[in-house]
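Line order of the protein sequences matches chains C and U. When the letters of the first sequence are read in order and numbered with this note's numbering, they come out as residues 370 to 649. When the letters of the second sequence are read in order and numbered with this note's numbering, they come out as residues 37 to 338.
Hint data in this document are derived by calculation from the structure and do not stem from the laboratory. In this text, a Cβ means the ideal position worked out from N, Cα and C, and glycines have one as well. Any given hint could be a false lead.
[To be verified] Which bits of chain U does chain C cover? Going by a derived footprint, with three or more residues having C-beta under 8 Å, they are:
id, region
1, 58-65
2, 196-209
3, 212-221
[Unchecked claim] Ranges between beta-carbon positions, derived for each pair:
id, chain 1, residue 1, chain 2, residue 2, range
4, C, His381, U, Ser46, 34 to 44 Å
5, U, Leu231, C, His381, 38 to 48 Å
6, U, Arg66, C, His645, 34 to 44 Å
Next come the chains, spelled out residue by residue.
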Amino acid sequence: MNLPVTKAPAWHGTIAWDALLNGMATGLFMAGGVSELAAPAIFTPVAIVAYPVALVLLLIDLGLLVSDLGDPLRFHHMLRIFKPRSPMSVGTWCLSIFSLPLTAAAGLSLLSEIGINFEWARILAVIVGLPFGFGSAAYKGVLLSTNAQPGWRDARWMGGYLTNSAILIGCAELLLLSALIGRAQATAILRTAFIVLLVINTIPLGLLFADLQPTHARLYTHGQQWLVGVLMFAAATIIPLGLALYSDSFPFVVGAVIFLLFGSWVIRFVYVKIPHTSLI
Amino acid sequence: MELAALQQASDQPRGRLSELVERLVYPFRRGEPPEPRPATGFYTDTTVCIGCKACEVACKQWNQLPSDGFIWSGNSYDNTSELSATTWRHVKFIEQFGEGSSAERGSMDVTVSDHNRWLMMSDVCKHCLAAPCHQACPTGAIIHNEFENVYIQADICNGCSCCVAACPFGVITRSNMGGHSHKCTLCYDRQRDGLEPACAKACPTQSIHFGPLDELREMAHNRVEELHRRGVPEAYLYGDVASDTYSELHSFYLLVDRPSVYGLPDNPFNPWLHMMGDYVRSVAGGLAAIGALLVVVVLLRS
Ligand code: SF4
Ligand code: SF4
Ligand code: SF4
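Just chain U, same shape as in the assembly (with noise of 0.2 Å):
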């Protein structure tokens, strides 16, 4: 068939007036919400990562992401720095080499000491089941998808930045092109088609584990058993369950150092917590002027 004589998909053109008329309108327009799906989401056992980066180049590569320069960090590998609105995966590499250490003494033998390792952790961002980031955003641009994924419409951001200042983690960024704000949509594109994300998909150890939320926790659990078992006793899993002051996060980890050491916090805190005492205090100082205002302008006023 000629390609001319193909059915056009793309929108007709519009007049200015038109044109400024759908942009106002179109964001209070309502879809049909999709039929919700087993939550999905990431187990990542940092013990098998290799800091291949295959992660990180998959994300780039499905999601068409900017390069971020050729930027020599000067942290060990990492070359990409931290999560951004360009960088939906990053790779940490965190170098533990203790006193007396190979590496301290100049030798290029790295494995003559035990308490010499280096931890690698794929980040990305966790996809609270409670996500601060969710309940910050005033125009409801992030939604929590039929996968329980927290998802940013990309469409629907002004780039206000209440999710960037509310996320414990560090992940969201707002960016510089465009002015709108983006992490990991847990490749919604690909999960509506029945694939796997692209990241878990390029693993080649096998660290970034994708699945139905209740297979993950087992397989993690066992995983943790077994590195018991194995002599690794300070395995353990970070963000599995919820604590007293977050929720279980959806993309959970496999640690074997404290979270502080992988950049993580060590105690995460919903800011939401405090928000109604927050209000509180805010209407009682508010009272408390006008009161004092209104009985000063009563008792003076004959």
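Isolated chain C, as found in the complex (with noise of 0.2 Å):
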């Protein structure tokens, strides 16, 4: 007998986009407001563009993390009752709380592109919004790696490396909205945070790499071994950083994002996939 003894859940491509999702909406809304709360006069413009953008990505992420429940009108059972030992329990309050600064951000942000300013209170809902999107984009890799499945079990630095990434992302998020809106300065600000977050985010990738060596080693063969790992440094790291190296102008920035936002759309979907695709 040898069958698996673990049963996959049935998290499937839906969680890798939730996984991107969630990077793309918490980090964007990190980045925006770190920027803005350490240099408001250069980052405001770009960070009340951001906050209304972050919010979509949140709206469309819980929409599909409700769609992938067994019973989605079930959902508001996950808050009767708050368990820090279940980082589901932890994520979804985290994400819950997140919403409401996060709403009232992007509403306080259009509300002054139309001249009624209320810059205090988006300050406010900001540094409220923090800790709680800090919170929901680190409890994803913890949820991943806490469990009995093959390959998740071994990942260890699948937390620090999504979280890690998910600044990144809305750093390259960022970057593109400041670009689009013609803000000089911002955009070399985070052209050059990202050129160097990109550089470090190559740690924890290299960690989780390491951890799922041996199970890399077991589901693909050596040709294949070589492709997925060529596949997602290339993508998520040295290609976004040859072109963020190679110009500032705005193609190569757009350039630069999309192969960032694709190569991590991989990394989540191939590790996303792990239990399903085990042999063991």
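With the hints as a guide, dock the two chains, each given alone in a separate frame, to form the complex.
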């Protein structure tokens, strides 16, 4: 008898999109918030565009999360208790609370666009939202690594990578928005930050890759392992880094962000699929 | 008495709004927890199992679980294949016919070699003392009931599947019908009425023992000693005591081969032992990125 002992949960491609959208929403809010708080004169015009975008991304993400339940009409049952030992409970509470200041920040940002300015309230919403946005990003990897599934159970750096990657993705989105609305100084600063964060992100990604090396070896042939590794590092790191370093012109910024998002999705998709691909 | 004169116990029909409000509110209501009772469980002696599947059938019948269809699994006499949302007891058949065995020689006489044997095991939820499914469940649907059995409150579960991912034994399963997770209840309804579980009651060889855990453990240790005396030195108990990485099981087994032979993990590991470290790494990864972003913004803003 050489059958798998564990049962794979019914988490498929939706969860890979969820992991990406979670990073995009929380990362954009945090990158916008941190930048705005540190240099309001430069970043406020970009941040007030970022918050509504982050809200839209979060709403899509929450829609995916709810639709992936076996009984979506019972989503609110998640909120009947708070259970610190359950990463899903921690994540649900963080996301639910985070959605409130994010909605406030997004709404107040839109109001400021039409001349109704409650800047203090928006700043307050951002400050309140930051820890919950961080929690919403940080739980996801722990949810995937704290279980009995082959591969996932060995992925000690899943959380480290996903949280780090969320900030990187958020910075990339902010850079794109900044370039789109023509904020030259913000774009220049964010491009530098993007390059630095890309380099830093190779550390948790490398550690996660090392954690999962035995799993890769079990699931893929030698050639496929190389392909997966090259695809991940090239799409998520090397190509965006090359494009960002080569030029600060708009097409290169767009290219770098698109490659980063694509590479980040590939990584999430490959790793979310591990239990379904496993032979034992 | 006329049937119509009896008091009606069913709920009054509700309007749509009232139904919606009830749906939203009722999961938040709390009842009085029952008084703790002596912890109960199963001790399954696989050496006397004859693979009759009476336990499987009794479980299906008592719990009104649907049939799994007529599927030829191709695996010995097994036709339900695994524990699932509709199969809470599963009898495993392990054929051990060595090289040169009568089976390989094409002979019908399978008794000629001492090395040929058929292991049978009635598998079920292990009702772990520190159950990963219970730790994972974000709705609180999974509880330890007053008998210290791991029980899913079916009206609370929302089918998030965290328990499925967490169970190291591959027991708990999300159903395609209704989308909720199901597994053995240890016949909670029967226990509350002072009855033993249907599967244990039906077992004709007393392979499945049900009772207070301390009694079961004593019985199991005596049986292991007896088997050792009678020339079965490989007999041992699986899950009766906690290991470094896993709690004791309230449904434990007497086995005569490695756990993996029976489709059980050799060294079960509770994933929650890693959780704090994983959170630390997750937070560190995020803080490192925020710190770097902040440093760049502060350095370049002027
Ligand atoms: S065997 Fe699995 S489903 Fe049963 S109590 Fe243990 S963790 Fe939960
Ligand atoms: S599927 Fe149901 S029982 Fe399992 S963790 Fe989710 S809510 Fe709890
Ligand atoms: S205890 Fe009850 S629910 Fe559990 S396997 Fe036996 S008959 Fe089925």
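Okay, the hints, checked on the actual structure:
1. 58-65: holds (count 4)
2. 196-209: holds (count 13)
3. 212-221: Per the Cβ count (4), the hint holds.
4. C:His381 to U:Ser46: 34 to 44 Å: This hint holds: roughly 40 Å between Cβ atoms.
5. U:Leu231 to C:His381: 38 to 48 Å: 41 Å, holds
6. U:Arg66 to C:His645: 34 to 44 Å: Holds, since Arg66 of chain U and His645 of chain C (Cβ atoms, about 38 Å apart) stay within the stated range.
Checked against the numbered hints above, the structure breaks none of them.
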